[in-house]
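Undergrad: Chains as they are written, first to last, in this note's numbering: chain A, 1 to 477; chain B, 478 to 954.
No lab work stands behind these hints: they were computed from the structure. The beta-carbon is built from N, C-alpha and C at its ideal position, and this holds for glycine as well. Just so you know, not all the hints are guaranteed correct.
What the hints assert, rightly or not - Pairs of lysine to any residue, SDA-like flavour, derived with a Cα cap of 25 Å: (1) B/Lys629 <-> A/Glu363; (2) B/Lys629 <-> A/Phe214; (3) B/Lys886 <-> A/Leu94; (4) B/Lys629 <-> B/Met566; (5) A/Lys409 <-> B/Lys886; (6) A/Lys152 <-> B/Phe813; (7) B/Lys886 <-> A/Ala95; (8) A/Lys409 <-> B/Glu840.
To be verified - Per the computed footprint, the stretches of chain A lying under chain B, defined by three or more beta-carbons under 8 Å from a beta-carbon of chain B, are: (9) 152–165; (10) 274–283; (11) 334–340; (12) 375–384.
Said to hold, decoys possible - One side only, chain A facing chain B, incomplete, derived with CB under 10 Å: (13) Ala90; (14) Gln169; (15) Leu173; (16) Gln176; (17) Lys177; (18) Ala181; (19) Lys242; (20) Leu266; (21) Gly267; (22) Asn323; (23) Arg326; (24) Pro431; (25) Ser447.
Number of protein chains: 2
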Amino acid sequence: MTSTIRDANGAVQWHEEVDVLVLGLGAAGAAAALEASALGAETLVLERASGGGGTSAMSGGVIYLGGGTALQKACGFEDSEEDMYRYLMASTGLAPDQTKISLYCEGSVDHYDWLCAQGVPFKQTFYHGTSGEPPTDDGLVWSGAENAHPFKDIARPAPRGHVPQVEHQGGPLLMQKLCAAVEASPARIATDHRCTALYQDHQGRIHGVAAESFGEERRIRARQGVVITTGGFVLNDDMLLKHAPLALRCGMRVAATGDDGSGIRLGIAAGGATIHMDSVSVSLPITQPWGLKRGILVNQQGQRFVNEDTYYGRLGEAALLHNDGRSYMVVDHGIFEKPEYMEEIAGVGETPEELERALALPEGSLRATLELYNHHAAQGSDPVFHKTAEYLEPLDRPPYGAFDCTTDKALYAVFTLGGLHTDSDGRVLDPEGDPIPGLYAAGRSTSGIAVGGYSSGLSLGDGTFFGRRAARAATRA
Amino acid sequence: MTSTIRDANGAVQWHEEVDVLVLGLGAAGAAAALEASALGAETLVLERASGGGGTSAMSGGVIYLGGGTALQKACGFEDSEEDMYRYLMASTGLAPDQTKISLYCEGSVDHYDWLCAQGVPFKQTFYHGTSGEPPTDDGLVWSGAENAHPFKDIARPAPRGHVPQVEHQGGPLLMQKLCAAVEASPARIATDHRCTALYQDHQGRIHGVAAESFGEERRIRARQGVVITTGGFVLNDDMLLKHAPLALRCGMRVAATGDDGSGIRLGIAAGGATIHMDSVSVSLPITQPWGLKRGILVNQQGQRFVNEDTYYGRLGEAALLHNDGRSYMVVDHGIFEKPEYMEEIAGVGETPEELERALALPEGSLRATLELYNHHAAQGSDPVFHKTAEYLEPLDRPPYGAFDCTTDKALYAVFTLGGLHTDSDGRVLDPEGDPIPGLYAAGRSTSGIAVGGYSSGLSLGDGTFFGRRAARAATRA
Numbered sequence: 001m002t003s004t005i006r007d008a009n010g011a012v013q014w015h016e017e018v019d020v021l022v023l024g025l026g027a028a029g030a031a032a033a034l035e036a037s038a039l040g041a042e043t044l045v046l047e048r049a050s051g052g053g054g055t056s057a058m059s060g061g062v063i064y065l066g067g068g069t070a071l072q073k074a075c076g077f078e079d080s081e082e083d084m085y086r087y088l089m090a091s092t093g094l095a096p097d098q099t100k101i102s103l104y105c106e107g108s109v110d111h112y113d114w115l116c117a118q119g120v121p122f123k124q125t126f127y128h129g130t131s132g133e134p135p136t137d138d139g140l141v142w143s144g145a146e147n148a149h150p151f152k153d154i155a156r157p158a159p160r161g162h163v164p165q166v167e168h169q170g171g172p173l174l175m176q177k178l179c180a181a182v183e184a185s186p187a188r189i190a191t192d193h194r195c196t197a198l199y200q201d202h203q204g205r206i207h208g209v210a211a212e213s214f215g216e217e218r219r220i221r222a223r224q225g226v227v228i229t230t231g232g233f234v235l236n237d238d239m240l241l242k243h244a245p246l247a248l249r250c251g252m253r254v255a256a257t258g259d260d261g262s263g264i265r266l267g268i269a270a271g272g273a274t275i276h277m278d279s280v281s282v283s284l285p286i287t288q289p290w291g292l293k294r295g296i297l298v299n300q301q302g303q304r305f306v307n308e309d310t311y312y313g314r315l316g317e318a319a320l321l322h323n324d325g326r327s328y329m330v331v332d333h334g335i336f337e338k339p340e341y342m343e344e345i346a347g348v349g350e351t352p353e354e355l356e357r358a359l360a361l362p363e364g365s366l367r368a369t370l371e372l373y374n375h376h377a378a379q380g381s382d383p384v385f386h387k388t389a390e391y392l393e394p395l396d397r398p399p400y401g402a403f404d405c406t407t408d409k410a411l412y413a414v415f416t417l418g419g420l421h422t423d424s425d426g427r428v429l430d431p432e433g434d435p436i437p438g439l440y441a442a443g444r445s446t447s448g449i450a451v452g453g454y455s456s457g458l459s460l461g462d463g464t465f466f467g468r469r470a471a472r473a474a475t476r477a
Numbered sequence: 478m479t480s481t482i483r484d485a486n487g488a489v490q491w492h493e494e495v496d497v498l499v500l501g502l503g504a505a506g507a508a509a510a511l512e513a514s515a516l517g518a519e520t521l522v523l524e525r526a527s528g529g530g531g532t533s534a535m536s537g538g539v540i541y542l543g544g545g546t547a548l549q550k551a552c553g554f555e556d557s558e559e560d561m562y563r564y565l566m567a568s569t570g571l572a573p574d575q576t577k578i579s580l581y582c583e584g585s586v587d588h589y590d591w592l593c594a595q596g597v598p599f600k601q602t603f604y605h606g607t608s609g610e611p612p613t614d615d616g617l618v619w620s621g622a623e624n625a626h627p628f629k630d631i632a633r634p635a636p637r638g639h640v641p642q643v644e645h646q647g648g649p650l651l652m653q654k655l656c657a658a659v660e661a662s663p664a665r666i667a668t669d670h671r672c673t674a675l676y677q678d679h680q681g682r683i684h685g686v687a688a689e690s691f692g693e694e695r696r697i698r699a700r701q702g703v704v705i706t707t708g709g710f711v712l713n714d715d716m717l718l719k720h721a722p723l724a725l726r727c728g729m730r731v732a733a734t735g736d737d738g739s740g741i742r743l744g745i746a747a748g749g750a751t752i753h754m755d756s757v758s759v760s761l762p763i764t765q766p767w768g769l770k771r772g773i774l775v776n777q778q779g780q781r782f783v784n785e786d787t788y789y790g791r792l793g794e795a796a797l798l799h800n801d802g803r804s805y806m807v808v809d810h811g812i813f814e815k816p817e818y819m820e821e822i823a824g825v826g827e828t829p830e831e832l833e834r835a836l837a838l839p840e841g842s843l844r845a846t847l848e849l850y851n852h853h854a855a856q857g858s859d860p861v862f863h864k865t866a867e868y869l870e871p872l873d874r875p876p877y878g879a880f881d882c883t884t885d886k887a888l889y890a891v892f893t894l895g896g897l898h899t900d901s902d903g904r905v906l907d908p909e910g911d912p913i914p915g916l917y918a919a920g921r922s923t924s925g926i927a928v929g930g931y932s933s934g935l936s937l938g939d940g941t942f943f944g945r946r947a948a949r950a951a952t953r954a
């Protein structure tokens, strides 16, 4: 056994026994605890911090749901399970999990109602503008690339970002409500409890955990299952280096202090497999306000590399993962406005050539890019990257300027998407695809719906949805 | 325990006991067996095929060595451990393993001598031309990007591809000699033996294996250690989908039938960690003969994306991993010649515009790229991608043509670089970085020296080098 696995065959002196033990009180953990206790399972949540919330409480609170939720209908948007499915299958990376996505789309309308029933408030109004985190208390928002190439032609676009009713950041309110629901439920919460080891028997089954609380060890048996919902590993530099080294260059890690991969490592030590460990969500919110989508994003070779009107989560991926995290957002006097997120001005010039020199781009490169872009934009087309006509206009009104979108200057917000391999019931799978009995996981401890190609709200969405499913599977086991 | 892990605490009826058990008889397994038996350990190699060789026997046989080997000296090349170290640290990906690379460079001269002592012949002549696999029986060849930007300015270039003396493909001869050496050694070989499970005790120590041979199970105890050298996972579609999905688009998988990740999965089941599972080597040998380096490689946007004179292993990575595996090698009448590896002609035209239309590239895109390239090439410079002056000349002599370098038309040769996390003594590590007692691994079952940014010969090189180190560590244990 490795240091984090203990022999469960011997006589373990348990301090406590429950049916379902949940590790971590973020959104996924809260959902798992609520579901398990609603099904009558004696449920305990261990949280290493002094209070619940985790990374979910530090997020924008957006939950990606659709297929015609009550909120979408109230705001006058038509959506269907099929359109949501097509969008997610096309947009979430090269290897989307069809089974999880299918279940998620089928269950999305009900899952919204469930969130409402837990006390999470959603104002029945739509915010047109900034994706991701609306500054108002509106409930519905665009939070993906539904309206951009190529997705707008693959599925009928609909806004699917469901945001708790509060101005600006919705994550704290979401977690305040979910934690209150857990406290009001029969489930118990033990804060300041950090799980340090799993108890596993010789047949591989997980029986419980050892946890540390203020220097004391507590051994807790879980009769039906342990559910790992401890978050990702974006705060673990060593793990990032071994799986997703480019993430180390991002200035902002979307994380609570617990995102050190501890739960993932417990699962690996128990013989669990991980998948898509290189996948990260990288946001580069440079096109806020949306008018800046009329600019062009160029790399160190002075070339465009993405349709600038796509979701800022995709801009970050394109810039960091495929263009070395070095790029500039070029604007002219006609479209210049101040970005919502502070960005440094990297250079200005009266001509494209002057700006090119100011940015130390290869001679002639930016000029050639602008000429080609302007030529097509004047005709309302972008055959190179297919930006929507709405954001196409020639950049030919001096002076020219560029915002610095290199990783050391701009806001790159990153978190990890890879993790334990789970089936759609949250069972942690071994490398042969067989479940490790008694071990479940959900949220960013697992590889979920998005494995590259992020839309905001997918992590709170799949964490809560599959957290509930894991709890149901554990109580059935 | 998962299905591939069995309880070693009970009374196991072993059919046989040895000191060191090696799984797989490719280059890494042969090296491990030779080293273990030379140190006096009773050694047995299990090979699932009916004969030794594995993927190594299907390779070009190039072994990346340097720092002033006898062969480099005989061919009149100066090299140093430091230059080799600088090149490898700069070229092998974003997260090079400094400890392994350092040991590898220190031991490289001796390791060459060791290979010679095993009977591997190297003709003391240099082949100037094609990287990778020389068509002649010359012994030394360029097999990386040492001479190209940016590496030529980071470390003094030297050819480091050491090739067994045979025309064309050197892998079969290499493995014929290494297998003969194993057969001449006290180590024994059992072919047609496929390892199906590891025996692990409650402290995590590996004690032996179960193997299947013609339907019969044989249980073999390993007193000192089991060394996994079973190769990568490029033939396992399911694993590729979960770790490196783009590899599925490559037409050629560099593999023997055993490269299904079985050894990696055994290690995971035993609680071992994997790292860099997304890393692949992708070769696109379009610049053979070298005259074609004077062409330009463009993506679907008609943009260049790499210095075309870099090693073809890097061309493949740039094209597949960052440009969707869709690109064209554009040439003019002046530099046209037939590629060594058959490539389809994707289009021709009397003007850049005609070629652009033939390739269905965005209007004006290829013309703009050629104008910028030609403008600089006429002055012998390439400020955009820094191709060496030797390969720079304007492409302005009609007709123009393009070889199809999309994954469905061109030769993309792929194999996996990620695998079990090992220390520099080949110990398989758990997620906390602690060794799993009794378990070792080498070769492409592990993550080795190259984790992105491949030079030919690194896998045979690190497989044999760290295979020997694993055997030494096991016999010391």
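Undergrad: None of the hints should be skipped; say for each whether it holds.
TA: Okay, the hints, checked on the actual structure:
no. : hint                  : verdict
1   : B/Lys629 <-> A/Glu363 : 23 Å, holds
2   : B/Lys629 <-> A/Phe214 : 56 Å, violated
3   : B/Lys886 <-> A/Leu94  : 20 Å, holds
4   : B/Lys629 <-> B/Met566 : 13 Å, holds
5   : A/Lys409 <-> B/Lys886 : 41 Å, violated
6   : A/Lys152 <-> B/Phe813 : 41 Å, violated
7   : B/Lys886 <-> A/Ala95  : 22 Å, holds
8   : A/Lys409 <-> B/Glu840 : 34 Å, violated
9   : 152–165               : violated (count 0)
10  : 274–283               : holds (count 5)
11  : 334–340               : violated (count 0)
12  : 375–384               : holds (count 4)
13  : Ala90                 : 14 Å, violated
14  : Gln169                : 32 Å, violated
15  : Leu173                : 35 Å, violated
16  : Gln176                : 33 Å, violated
17  : Lys177                : 34 Å, violated
18  : Ala181                : 33 Å, violated
19  : Lys242                : 4 Å, holds
20  : Leu266                : 8 Å, holds
21  : Gly267                : 9 Å, holds
22  : Asn323                : 8 Å, holds
23  : Arg326                : 13 Å, violated
24  : Pro431                : 4 Å, holds
25  : Ser447                : 8 Å, holds
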